[in-house]
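Peer 1: Listed below, chain by chain, are the residues.
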Amino acid sequence: MTLTDEPTTVTEPAKEVGSARLRKEDGRLITGKTNWTDNMVLPGMLHMAFLRSPVAHGTISNLDVSAAKDRPNVVAVFTGQDFKDEQGSIPCAWPVTPDMVNPGHPSIAVDTVNHVGEAVAIVVARTRTAAVDAVEAIDVDYTNIPVVLDMEEAVKDGADLVHASTSSNTSYHFVFDAGEAGTGTDTDAAFADAEVTVSRRFVQQRLIPAFMEPRSAVVGVSGDNYTLWSATQIPHILRVMGALTTGIPEHKLRVVAPDVGGGFGGKLQVCPEEILALLVARRLGKPVKWTETRSESLMTAHHGRDQVQFIDVAAKKDGTVTGLRVRLLADMGAYLRLITPGVPALGAFMFPGIYKFPAYRFECDGVFTNKVPTDAYRGAGRPEATFAIERIMDELAVELDMDPMELRRKNWINAEEFPFTSVAGLQYDSGDYEQATQAALELLGYDELRAEQKQRRESGDPVQLGIGISTFTEMCGLAPSRVLGSLAFGAGGWEQASIRMLPTGKVEVITGSTPHGQGHETAWSQIAADQLGVPFEDIEVLHGDTAVSARGLDTYGSRSLVVGGTAVVKAAEKVVAKARKIAAHLLEASEDDLEFSGGKFSVKGTPGAGLGIQEIALAIFAAHDYPEGIEPSIDAEAAFDPVNFSFPHGTHLCAMEVDTDTGFVKIRKYACVDDIGNIVNPIIVEGQMHGGLAQGISQALYEEAIYDADGNLTTGTFVDYLVPSAMDLPTFHTGNTTHAATSNPLGAKGVGEAGCIASTPAVVNAALDAVRHLGVKDILMPLTPERVWRAIHQGGDGGARAAEGSNAYGGARTTESGYEEAK
Amino acid sequence: MTQINVRVDGASYVDDVEPRTLLVHYLREQLGKVGTVVGCDTSNCGACTVHLDGESVKSCTVLAVQADGSEVTTIEGIADGATLHPMQKAFHEQHGLQCGYCTPGMIMASIDLLKNNPNPSEHEIREGIEGNLCRCTGYVNIVRAVQQAAGEMSSTTTGAQA
Ligand code: FES
Ligand code: FES
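Residue numbers (my numbering), protein chains in the order written: chain A, 1 to 823; chain B, 1 to 162.
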């Protein structure tokens with residue numbers, strides 16, 4: 001289903017862009033002819049295996065690796081002592097405040113361990129199995145230090161410390177106050193004058209990205225040149241950071257991301273193991289490989305989310321919202337990785353959502369605990385913000401006895417108000433919330449389901465029905481470099497593309513945005529085909545190898561198409577401009593008299609005669625006849641730096657059946673209509689929506705990383721960490737409205753994160769809507785049957801999933817405490 | 001070391017393996033059949049699914065020595081030359097994959113599913129691939145792919161292959 005308004009920017013009519021092209025990349029993936037990092041074998045390659053800490057907090061009191069060294073086929077065993085002078089620190093690129101405390105993040109523990117799974121020793125052996133076997137022979141003892149797990153305890157005065165070198169467990173205190181920033185009015189005054197206030201404490205549980213391809217790194221050595229193949233989302237960033245961290249000069253380090261099996265932010269990292277693979281290869285002068293097991297992955301790759309959110313909303317009795325106040329505790333884990341502290345800051349500007357709050361204040365404490373660090377996971381900061389605002393809008397509706405959609409409608413930005421500057425100072429580009437909502441209501445069959453809900457209530461049916469709403473927007477297309485600079489981020493947000501016009505007329509498009517399942521090869525071919533007028537099949541998209549794609553900032557934050565796709569447009573424009581000069585020369589016409597259409601230059605008013613751009617590529621390769629004063633090439637490259645973010649939006653509706661006898665929840669129907677701007681490939685877009693929905697719904701229903709009271713991850717395998725199967729998810733009903741983004745010529749807004757950001761609150765709101773009449777006010781995520789049953793039959797929020805006292809959030813707790821109590 | 005004889009994707013191999021070697025590691029590390037991948041260590045994900053004497057198995061849950069004397073078919077052995085297996089074609093045409101890491105196992109499991117139930121309902125498809133995890137697609141398009149393949153395979157006289 002597609003609804004189209006007059007686009008606010010008009011792009012050229014195009015035949016490839018917008019068409020449902022099947023993916024180019026599938027051929028190798030469906031036949032097993034793949035290039036996963038772990039497939040790589042180099043002559044003489046050695047294998048690395050890690051001894052990892054079984055304690056969450058302790059000093060290493062004894063570490064004897066001699067027996068391991070004597071094991072057959074073991075080449076070397078290293079400990080933190082061997083690398084302490086050269087390992088540096090895993091970089092943190094986002095010091096969100098000037099006084100943020102970063103205690104440093106060694107890749108391998110030197111004398112202290114701060115989370116379970118931290119690397120303590122490395123065995124290097126001829127085979128994978130020999131390395132793993134020898135790890136068993138290492139003799140190690142730890143002296144335990146009190147473990148810090150609960151953020152609300154950790155921030156209290158006198159709390160046990162994660163890092164002895166710091167004075168508290170708070171890494172930073174980040175504040176955005178719209179009144180002070182001049183983008184809104186005074187928040188305290190808004191609350192003082194409020195007719196109604198609602199305060200809630202929400203928990204964003206810790207999640208694990210759980211990409212299907214485990215992380216893997218292979219390092220090749222050639223003299224003082226190193227090549228790092230890695231299952232990474234960010235080969236370009238990894239090259240810069242890897243060079244800075246290890247001291248390998250940047251021009252001696254090549255990073256390649258071959259086929260990468262998913263990432264979702266989980267491979268947006270400079271991993272300790274990648275750094276250690278480089279250090280070991282350099283030390284031994286030999287190629288090495290490391291591939292993690294799934295349990296290693298769940299335990300040591302970074303996690304996501306993990307916030308306690310205190311949120312207050314002020315409103316008038318008629319439902320008009322007048323103020324919003326947010327205070328977060330954000331779990332950093334034991335260390336700061338690449339953008340650990342920045343994730344909540346990315347969400348800071350999105351809590352107001354689509355609503356016209358006049359006043360807004362945001363505060364966040366980044367808190368250290370003895371757990372694996374958190375970092376980017378699909379949506380990174382924005383799902384957390386969307387959850388909080390969409391949940392509290394429902395709570396406000398209950399408080400005011402208003403229809404939750406009416407409350408939203410009363411407060412959202414109207415179509416004619418775009419572009420709209422939000423209270424957080426963001427300029428929302430385009431959209432129509434009413435239109436998307438109407439379409440979503442129809443897609444769901446809202447009225448019939450409401451009627452059924454009423455009937456089930458009246459008959460006291462043990463299976464109750466609820467409908468949950470999430471009307472959301474998100475900030476995509478990361479990012480304008482100057483804005484990132486103003487937020488103290490360590491890099492820019494531009495993207496690069498180059499186009500090589502080969503002599504036979506074939507075209508290479510080189511992108512700095514490295515895909516791991518998103519279909520860049522197909523979408524970029526569509527864009528280039530339209531821009532250059534060459535066949536889709538004649539285009540090859542190259543990526544992921546810093547020796548081929550020299551500049552780039554990789555794939556995350558729904559940025560690839562918006563920023564990287566636009567760079568392709570810009571590079572193609574340069575190619576055409578260069579070709580035009582040669583065409584004019586060869587056609588003996590003035591440049592101004594040439595028109596370019598369908599890949600062909602022709603002289604205006606002289607149809608028929610003309611020269612194709614692919615022919616020009618051959619002519620300039622021969623270079624026998626071209627104008628004086630220009631270079632013999634029509635190749636070009638371009639970097640694109642957006643001036644604004646893009647703001648996809650949509651309305652997500654979930655109909656949920658809750659069995660009040662068993663607590664079992666089942667999605668009856670899920671419908672959503674998203675506005676992601678212009679669509680390059682509807683098949684890919686639908687796939688991205690589906691995948692995002694699955695992850696967002698799964699946060700609501702299934703997933704939670706649980707640590708026990710000693711800091712052991714008890715969800716360290718796929719037996720315990722519930723990645724949903726086909727049986728656990730419904731069919732999704734998706735649709736689109738189209739309001740072009742105004743910040744890029746493609747008019748694209750970004751789709752990678754939308755489903756994941758929007759869906760979680762829709763699901764939880766639906767479950768609560770089903771059982772609110774039974775006195776249930778909140779249920780902690782994930783909504784396990786046990787929790788739902790307890791919330792219905794025992795009151796409260798369903799409580800902790802782990803045993804009493806062992807939950808990282810301090811066990812079961814429901815309060816209506818908001819901001820004041822939290823302070 | 002134990003000697004085994006196996007046929008994999010139509011070729012015969014004789015190899016010495018450690019008794020503890022898993023079939024998936026034998027395929028990947030000794031035979032270079034890297035189309036079959038490993039996604040977990042608890043037999044949950046199904047990424048390693050192959051056919052052992054025509055039955056779908058998780059090759060991380062089978063020892064290489066157990067495959068002695070058997071016929072193994074992997075994702076690399078189901079196409080007929082340049083002609084894709086209908087299930088491969090359906091995954092492509094229905095966009096049943098994104099990163100493609102789960103895909104070899106998903107395709108092998110789906111072929112087995114249709115062998116046992118040529119005309120499955122949506123629910124039966126979902127149940128049939130329950131042992132295969134995909135983190136990218138949300139499964140809707142995988143279900144569609146299996147439905148398409150079921151349609152195509154039942155309308156050809158050759159029926160289920162591999
Ligand atoms: S690797 Fe075999 S089931 Fe996961
Ligand atoms: S396509 Fe990526 S895990 Fe299934």
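Please note: incorrect hints may appear among the correct ones.
Facing chain B, according to a computed beta carbon distance under 7 Å, are these residues of chain A, among others [as the list claims (entries may be wrong)]: (1) Ile30; (2) Met212; (3) Val603; (4) Lys604; (5) Pro682; (6) Ile683.
The hints are simulated quantities; they were obtained by calculation from the structure and are not laboratory data. Beta carbons are placed, not taken as given, at the ideal position from N, Cα and C, and that holds for glycine.
Peer 1: So, for every hint listed, does it hold in this structure?
Peer 2: To see whether the hints hold, each was checked on the structure:
{"no.": "1", "hint": "Ile30", "in the structure": "holds (4 Å)"}
{"no.": "2", "hint": "Met212", "in the structure": "holds (4 Å)"}
{"no.": "3", "hint": "Val603", "in the structure": "violated (43 Å)"}
{"no.": "4", "hint": "Lys604", "in the structure": "violated (42 Å)"}
{"no.": "5", "hint": "Pro682", "in the structure": "violated (10 Å)"}
{"no.": "6", "hint": "Ile683", "in the structure": "holds (5 Å)"}
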